[in-house]
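Got chain A sorted already, so can you dock chain B onto it with the hints?
Protein chains in written order, with my numbering: chain A, 49 to 342; chain B, 776 to 1066.
What the hints contain is simulated information worked out from the structure, not anything from laboratory work.
Since we're looking at a predicted model, the values are computed, not measured.
Mixed in with the good hints, there may be bad ones.
As a list, the in silico EDC-like pairs of lysine to aspartate or glutamate whose alpha-carbon atoms are at most 20 Å apart [as the list claims (entries may be wrong)]:
#: 1; chain 1: B; residue 1: Lys947; chain 2: A; residue 2: Glu98
#: 2; chain 1: B; residue 1: Lys947; chain 2: A; residue 2: Asp325
#: 3; chain 1: B; residue 1: Lys862; chain 2: A; residue 2: Glu98
#: 4; chain 1: A; residue 1: Lys140; chain 2: B; residue 2: Asp826
#: 5; chain 1: A; residue 1: Lys139; chain 2: B; residue 2: Asp826
#: 6; chain 1: A; residue 1: Lys74; chain 2: A; residue 2: Glu62
#: 7; chain 1: B; residue 1: Lys947; chain 2: A; residue 2: Glu329
#: 8; chain 1: B; residue 1: Lys862; chain 2: B; residue 2: Glu1019
Which bits of chain B does chain A cover? Going by a derived footprint, with three or more residues having C-beta under 8 Å, they are [unchecked claim]:
#: 9; stretch: 811-819
#: 10; stretch: 826-832
#: 11; stretch: 880-893
#: 12; stretch: 906-915
#: 13; stretch: 943-957
#: 14; stretch: 1006-1012
#: 15; stretch: 1020-1033
Where is the CB? At the ideal position from N, CA and C, for every residue including glycine.
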Amino acid sequence: MSHGLLTLPEAQLEPLRRTYAHARLKKRTQLLLAAALLLGAVILSGITAEVRIDALFAHIDRLSGYIARIFYLENHQPVWTDPAEWFWGLKKWLRLIGETLIIAYLGTIFGALGAFVLCFFAAANLAWSQVLRWFAVRFLEFCRTVPELVFALLFVASFGLGPLPGILALAIHTLGALGKQYSEVVENADMKPFEGVTATGATWPESVRFAILPQVLSNFASYGLLRFEINVRESAIIGFVGAGGIGQDLLVAVRRFYYSDVSAIVLLIIAMVAIIDLATERVRRHLIGREQAP
Amino acid sequence: MSNAGGEQLDLDRLTARYPAIMAGGRWQAARLAFAGFALLASVVAGFASLDISWSRFISGFAELARIIGLMLPPDCGNPARLLLWIKALGETLSIALLGTLTAAVLAFPISLLAARNVTPAWPVRFTIRRGLDTIRGVNTLIWALVWINVIGLGPFAGVLAIMTTDFGTFGKLFSEAFEAADAKQGEAVIAAGGGELHRVRFGLIPQILPVLLSQILYLIESNTRAATIIGIVGAGGIGQHLTEAIRTLEWQQVSFLVLMILVTVAIIDFVSSRVRFAIIGNRPRAAMPHE
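Next comes chain A alone, as it looks inside the complex (with noise of 0.2 Å):
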């Protein structure tokens, strides 16, 4: 016992020992608490989302049959036994994929420049009225939260069916999404230099020119990459309601049973995002590259 621990006598280490069981007690009963109610949601969203555990598992060998069966031809063999029979459109879908990435491409590119406007508006730093950055905000937050398929409904009844209505749907989005990264992105600036530009008897455009947009020009163009990436996955299924691209295709693929089709074109849309995902990353690297350098 010569080398036990140091300890407190008896009458002082009561108090602590009660403090430390009354602490644990709390926050056991605080995580007990919060698991029930987790519990309780989790059991109230799976009857009111008619989950049927029993009939995913009854029918779980559909899901494989289902893409095992996408792999063969209608003459069931499989696909690859016959390439050219696989990809008979596939003149036709390169030109759809094609036009899934100049949806994506003006969306983004009329997004950002909407965004680009509308953040220094928005900024708390910048702003040059509440009034106006109250609107601003709540303007971009209704960009972004209506989900892009529904302006794409709504601009396809007005515009009519093509890809006109799927650009705009993706760059008003791209407003909303973009123009709340951007201003995050000037709320972060440095403020010194734009109080010396100002000091120096320019105007806000110009001090906003000079001082903040040096700061923040390879963040918006890193951000506004990003946000191609994801436009670039909504396009591809934004033709689901008529507003262009590779999806239409796709859901009629699906919808009619032709098998060997939705393979083909699924198979077309994932190489599709990862070469787009690959060439980002590498310019986005870059730019970053360029920030971190003096």
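Okay, now just chain B, sitting in the frame of chain A:
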């Protein structure tokens, strides 16, 4: 005049003194002009390749204005329909919650296999990462179509679709969180005589658990948005009613439904940001995909 002359003189003297900086400015301006021109050209070329009818474009805006006029005031029709929509909204929330939670539970063990500091064998990591990328590369709506083939129409297909996409997303996010963790705590566990599993359990997981929780909360938020539209292909939720209202040109109902969605998303955002704050404090969160 004399002032302008002085400025000119100043500029000349400055150019003479700092030739590199002044030339750089001009070079940069030229590059900027070129970039602007390239951007404009690409936009024009893009539009040209899509053969969009411009008369349609102009008349479309008139039509859009007319439709927006028809949307006001928002109106749900009758109370019975409102009740139906509230139920559908509950379905949407359930889809988002269940889909995200199951995805997180399923992705957690897989993400351990995809993290470099847990799984040293690179072939395993590589295979799992590419698999996760492929799952993520297929959109939620496409997964919804696949699951409808398996389980039939209804919200359960929506739950499974969100689960599948987010399985890919969480797998990636979680494994990245593991790799970003501080190695020192794990080393300490090893030094104290712990094994490899002890290192992961006591040195790694407690460290990143708050990060994982905040990512889950964030994805629940973003999936509430995704779950509002998943009904477009028949996988349950409010989207079904929204599509129907648009297809039947009931514009007052459309605006009412959009308002309902906006309010719900705002409430979910608020609650989730409060919970996130309670869990991790005011820590800035890492960049997220599909925001």
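Against the structure, the hints come out as follows:
Taking the CA atoms of Lys947 (chain B) and Glu98 (chain A), the gap is near 29 Å; set against the 20 Å cutoff, the hint is violated. Using a Cα cut-off of 20 Å, the hinted pair Lys947 (chain B) and Asp325 (chain A) holds, with the two alpha carbons roughly 14 Å apart. Restraint check for Lys862 (chain B) and Glu98 (chain A): satisfied, since their Cα atoms lie roughly 12 Å apart, inside the 20 Å limit. This hinted pair checks out: Lys140 (chain A) and Asp826 (chain B) have alpha carbons roughly 16 Å apart, not beyond 20 Å.
The straight-line distance between the Cα atoms of Lys139 (chain A) and Asp826 (chain B) is roughly 18 Å, inside the 20 Å bound, and the hint therefore holds. Under the criterion of a C-alpha separation no larger than 20 Å, the hint pairing Lys74 (chain A) with Glu62 (chain A) is consistent with the structure, at around 18 Å. Proximity of Lys947 (chain B) to Glu329 (chain A) is assessed by CA-CA distance (about 16 Å); at most 20 Å being required, the pair is judged to hold. For a cut-off of 20 Å, the pair hint linking Lys862 (chain B) to Glu1019 (chain B) stands: about 16 Å separates their Cα positions.
Check result for the stretch 811-819 of chain B against chain A: holds, 3 residues qualifying (beta carbon to beta carbon below 8 Å, three or more required). For a cut-off of 8 Å, the count of residues in the stretch 826-832 of chain B with a CB near a CB of chain A stands at 3, and the three-residue condition holds. Remark: the stretch 880-893 of chain B is not confirmed as covered by chain A, as 0 of its residues place a Cβ nearer than 8 Å to a Cβ of that chain, below the required three. Counting residues of the stretch 906-915 of chain B whose C-beta sits closer than 8 Å to any C-beta of chain A gives 5, which meets the bar of three, so the coverage hint holds.
Here's how the stretch 943-957 of chain B fares: 0 of its residues keep a CB closer than 8 Å to some CB of chain A, so the rule of at least three is not met and the hint is violated. Against chain A, the stretch 1006-1012 of chain B contributes 3 residues with a C-beta closer than 8 Å to a partner C-beta. That satisfies the three-residue criterion, and the hint holds. With 4 residues having a beta carbon nearer than 8 Å to a beta carbon of chain A, the stretch 1020-1033 of chain B meets the requirement of three or more and the stated coverage holds.
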